[in-house]
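Colleague: Construct the entire structure; sequences and hints are all you get.
The residues making up each chain are set out below.
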Amino acid sequence: KAGVTQTPRYLIKTRGQQVTLSCSPISGHRSVSWYQQTPGQGLQFLFEYFSETQRNKGNFPGRFSGRQFSNSRSEMNVSTLELGDSALYLCASSLAPHTGGLRYEQYFGPGTRLTVT
Amino acid sequence: GDSVTQMEGPVTLSEEAFLTINCTYTATGYPSLFWYVQYPGEGLQLLLKATKADDKGSNKGFEATYRKETTSFHLEKGSVQVSDSAVYFCALGAGNTPLVFGKGTRLSVIA
Numbered sequence: 263k264a265g266v267t268q269t270p271r272y273l274i275k276t277r278g279q280q281v282t283l284s285c286s287p288i289s290g291h292r293s294v295s296w297y298q299q300t301p302g303q304g305l306q307f308l309f310e311y312f313s314e315t316q317r318n319k320g321n322f323p324g325r326f327s328g329r330q331f332s333n334s335r336s337e338m339n340v341s342t343l344e345l346g347d348s349a350l351y352l353c354a355s356s357l358a359p360h361t362g363g364l365r366y367e368q369y370f371g372p373g374t375r376l377t378v379t
Numbered sequence: 135g136d137s138v139t140q141m142e143g144p145v146t147l148s149e150e151a152f153l154t155i156n157c158t159y160t161a162t163g164y165p166s167l168f169w170y171v172q173y174p175g176e177g178l179q180l181l182l183k184a185t186k187a188d189d190k191g192s193n194k195g196f197e198a199t200y201r202k203e204t205t206s207f208h209l210e211k212g213s214v215q216v217s218d219s220a221v222y223f224c225a226l227g228a229g230n231t232p233l234v235f236g237k238g239t240r241l242s243v244i245a
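So the protein lines, in turn, are chains A and B. Just so you know, this note's numbering puts 354 at position 92 of the first sequence, and the rest follows in order with no gaps. Just so you know, this note's numbering puts 242 at position 108 of the second sequence, and the rest follows in order with no gaps.
Some hints here could point you the wrong way.
Claimed, not checked - Example chain A residues on the side facing chain B (calculated, C-beta under 7 Å, incomplete):
(1) 305
(2) 318
(3) 322
(4) 323
Since the hints were made in silico from the structure, they are not lab data. For clarity, every value in this text was computed on a predicted model and none was experimentally measured. C-beta: ideal position from N, C-alpha, C; glycine also.
Modeller: This is how it looks when you write it as structure tokens:
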């Protein structure tokens with residue numbers, strides 16, 4: 263079974279531009295979460311999608327947005343890029359979202375390394 | 135809010151040495167606890183987990199015990215290998231909230 267795939271793997275953008283990152287979950291997985299990883303802040307949760315609906319959102323400005331399609335693939339968009347947005351963006355998929363005491367394992371993709379200059 | 139604190143790295147060990155990476159947590163309720171590993175250039179992989187107090191998670195020679203009384207979930211391995219060099223993340227999941235990760239501990243094992 264193929265793992266979580268993320269495209270592109272590397273991206274260089276200029277301040278003020280916008281960027282779209284893509285994530286294809288494992289076949290059959292319907293929940294997708296996005297994280298930002300930086301050396302200073304570690305792993306921070308961005309958002310979670312299930313059945314094309316955003317279930318949870320982290321503490322990020324409105325410049326960060328996402329969506330999920332009917333085939334469970336997900337995209338995230340960052341508008342008006344800032345230098346501080348340089349990070350590794352990780353996508354994780356699971357069979358379903360966590361509900362109460364039941365947590366499905368999250369499988370992570372290799373990430374997209376975004377550099378903003 | 136919920137939080138995870140793990141020992142700062144980097145940790146450098148010789149092959150076959152004993153490994154401990156400390157992790158403590160703060161959470162309301164009864165979280166599940168996880169250790170993830172990230173090898174260079176890759177995403178995170180679940181290493182082990184424990185869902186209730188006194189549970190021991192184990193995988194690939196790594197172990198961690200969920201200690202409610204000390205709010206800890208320390209990662210241990212009796213004999214590390216060069217191939218264990220990676221960044222290790224402690225994480226907790228409680229209720230309907232997303233996973234909360236520690237800052238990560240980089241482990242380097244030298245032959």
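Colleague: Which hint numbers doesn't this structure obey?
Modeller: Numbers 3, 4 - these are the hints that the structure violates, sorted from lowest upward.
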